[in-house]
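K.L.:
Here's the letter readout for the chains.
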Amino acid sequence: MTRAGRPPPIAWAALIAFASTAPAAFACSAAPSSSQPDGGPEAGIGREEEYRQVLHIPERLEVPSIPEFNPPTPEKIILGRYLFYDARLSGNGTQSCSSCHLQELAFADGQKTPTGSTGDILRRNSPGLANAVYHSTLTWANNGLRVVEDQIQVPIRGDRPVELGVNDANVAEVLARFDTDPLYARLLREAFPSSPSGATVEKLIFALATFCRTLVSADSPYDRILRGDQAALTEGQKRGAALFNGEELECFHCHNGANLTISYRDFNTTEGTVRYPFFNNGLYNLGGDGSYPPYDQGLYDVTLNPADRGRFRPPSLRNVALTAPYMHDGSIATLADVVRHYAAGGRLIESGQLAGDGRLSPLKSGLVAGFQLSEQDLADVVAFLESLTDRTFIENGAFSNPFAP
Amino acid sequence: MFFRYRPSIIFATAAAAVLCASCDSASQPEVPAPFALRFAALAGQRAVGCGDDLAGFGPAGANNLGVNDLRFYVSDLKFKNKEGKAVDVALDQNEFQFSSNAGSVALIDLTGNTEGSCDTSSLAYAEGTARTNLVITGTTQIHEVTSISFSVGVPQPLMKATIATSTPEGAPSPLNEMYWNWNTGYRHFVLNFTVTDGAGARGDGYVHLGSRDCAPSDDGIKALQDRDTCTFVNTPAVTMTGFDLTTNTIGVDLGRIVDGLDFVSPTYAPTTFEVIGQGPGIECHSSPMQPDCGTIFGHFGLDIGTGKAAAASDAVFVKVR
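So the protein sequences, as listed, match chains A and B.
Just so you know, this note's numbering puts the end of the first sequence at 405, numbered straight through with nothing missing.
Just so you know, this note's numbering puts the end of the second sequence at 321, numbered straight through with nothing missing.
Derived by calculation from the structure, the hints in this document are not laboratory data.
Take these hints with a grain of salt, some might be off.
Stated by the list, open to error - Covered stretches of chain A (chain B as the covering partner; in silico rule of three or more C-beta atoms under 8 Å from a C-beta of chain B):
id: 1; segment: 161 to 171
id: 2; segment: 192 to 198
id: 3; segment: 228 to 238
id: 4; segment: 250 to 258
id: 5; segment: 330 to 338
id: 6; segment: 344 to 352
Glycine included, every Cβ here is placed at the ideal spot set by N, Cα and C.
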């Protein structure tokens, strides 16, 4: 794992430096291909710039990484938005993506962990979706999920636990719901004009993925001060930013850049520079060997590498004040408690089946070493995190329920 | 939806192979003819299906099983003659058999999803399809064949090629099911079943073999990109000698899959996931962390530490009659 470089001495300057996107705009080298999938770029306009326009990505952010097999189009965005809010996309017709991703909570759900369509309690906290598509890996701990098209398979088809509950037994019935609805028949035709075969899981996913790529947040007070509005942050928030970006707290090592996470990839990320970070932050230490609860060992459950027990991806902190509770299992209720967790260098659970001293975990990241923090410092750091809340994002009508009256 | 077979699993009544009239002529090679390689679920020597309540499993034979879903891929099918030389085989293309430059695969699906224990309501995580397929069909010199071998699963090059080809239409049949979403690939073998212990308590059984740790290289975005295989391939290998395509069937012996298991799984509190007791059940999703997996992998001839297969160690697939 590569550590981020040391920041300049003045932390506030560092914050600005981290967020500098310096876009090498129009550096698109890919010529339009004659065999482009539906939605290929028009001749004469750069692919990156076209994608920026289609997805409404503000200039201050890079265009997200987009796989060549699913170029964005306005028609896919429209279809994806309907699907995101449509409970017919679950096996039993009771839940949609929006059941666990609420716009007013930056597309988190406020629950410790959600309940799936058939009653399963999920094991992981529903993450916010603001700028989620910029993460180099999707979900809390899976190094193989690199594009949102693959990630969306999990809530749709996953069965331990069931989320939307689409499976081999009911998938034909689920797809028929969309084929027989004239609205969707039209939206599907418009989104996939060269594929007249009707609804497929992949078409639904391609459209949902494209809608997710429009869920971009870039108008928080934090963004505004980076644009030069020095009054956008309070003095306390500025002090909190300096602490956040200081070597004492070390938050920035995992949470920096345009999305406040080092799990980051965009349209122009150079090959060989993408990082796939996963860390154990000392939440658990069962049996003293660093183990996490047996029902969720993080990255280990995918790689089966014992060193990966308890390793989870550092998420973007955009809108983090809206996405409580925190950590992969929602086991920390407030931002203040999150900061206290890192100040303590891990968590001690004294009794019960999860007992163990996370502070002493042999698998804990070296960056979670603990620090001293006054109550004022704590309040300032939390205030800084609250400056990442983007009301423009949560009130954007383009992301809202299209079925709402 | 698709085919409507009688879901009950009896030995395949698939077309008997056409006999070759000139086989006894030493000078004239046998003319290739259509064959049907048949599969069936077994309990011991008995063919079993959705309507059967199967008794005598686990410690003291106290547990009963009911099959809910039994599907698996078959690939790398090879035939040999009595001299040990390869006999050419050409596989048909149909909705259960797919071939491309990257390889070929067949899906055997021994269960429907409506009858008896196969009904989707009989298991918490039922996922079985209505369609069934009990045979692999193709063309070969039927009477030349004296031994066969195959792998159970989607071959890695075909998995890699299928994952790399993302289209709005999705993967071609039969690669459009058995998806393993969180591992971004396919399961090779799925056996879901009901368990009832001696006291009448009900539980579920899930045996899912699939490749693990298939993440792409550092610059890749799709599983298996810039690498040839998953770290744990987990495709069992099977060989059978003395095999007669006209009379033999390949059995999947359920008793051997669950042999040696204690038939007990922890039960969890629904909200805290704390262990609150135990009940009848079997669960293996190809992880060494799951206690049942080590034993089950052994029966399939798989090394759970490496994901490599040894045909000589497979005890699950047996020649019948």
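K.L.:
Would you mind marking each hint as holding or not holding in the structure?
P.N.:
We went through each hint and held it up to the structure:
Proximity of the segment 161 to 171 of chain A to chain B, defined as three or more residues with a beta carbon under 8 Å from a beta carbon of that chain, is established by the 5 residues found. Counting residues of the segment 192 to 198 of chain A whose CB lies closer than 8 Å to any CB of chain B gives 3, which reaches the minimum of 3, so the coverage claim holds. Evaluation of the coverage hint for the segment 228 to 238 of chain A: breached, as 0 residues show C-beta separations to chain B shorter than 8 Å, against a requirement of three. Only residues whose beta carbon comes within less than 8 Å of a beta carbon in chain B count, and the segment 250 to 258 of chain A has 0; fewer than three means the coverage is violated.
Here's how the segment 330 to 338 of chain A fares: 0 of its residues keep a CB closer than 8 Å to some CB of chain B, so the rule of at least three is not met and the hint is violated. Check result for the segment 344 to 352 of chain A against chain B: violated, 1 residues qualifying (beta carbon to beta carbon below 8 Å, three or more required).
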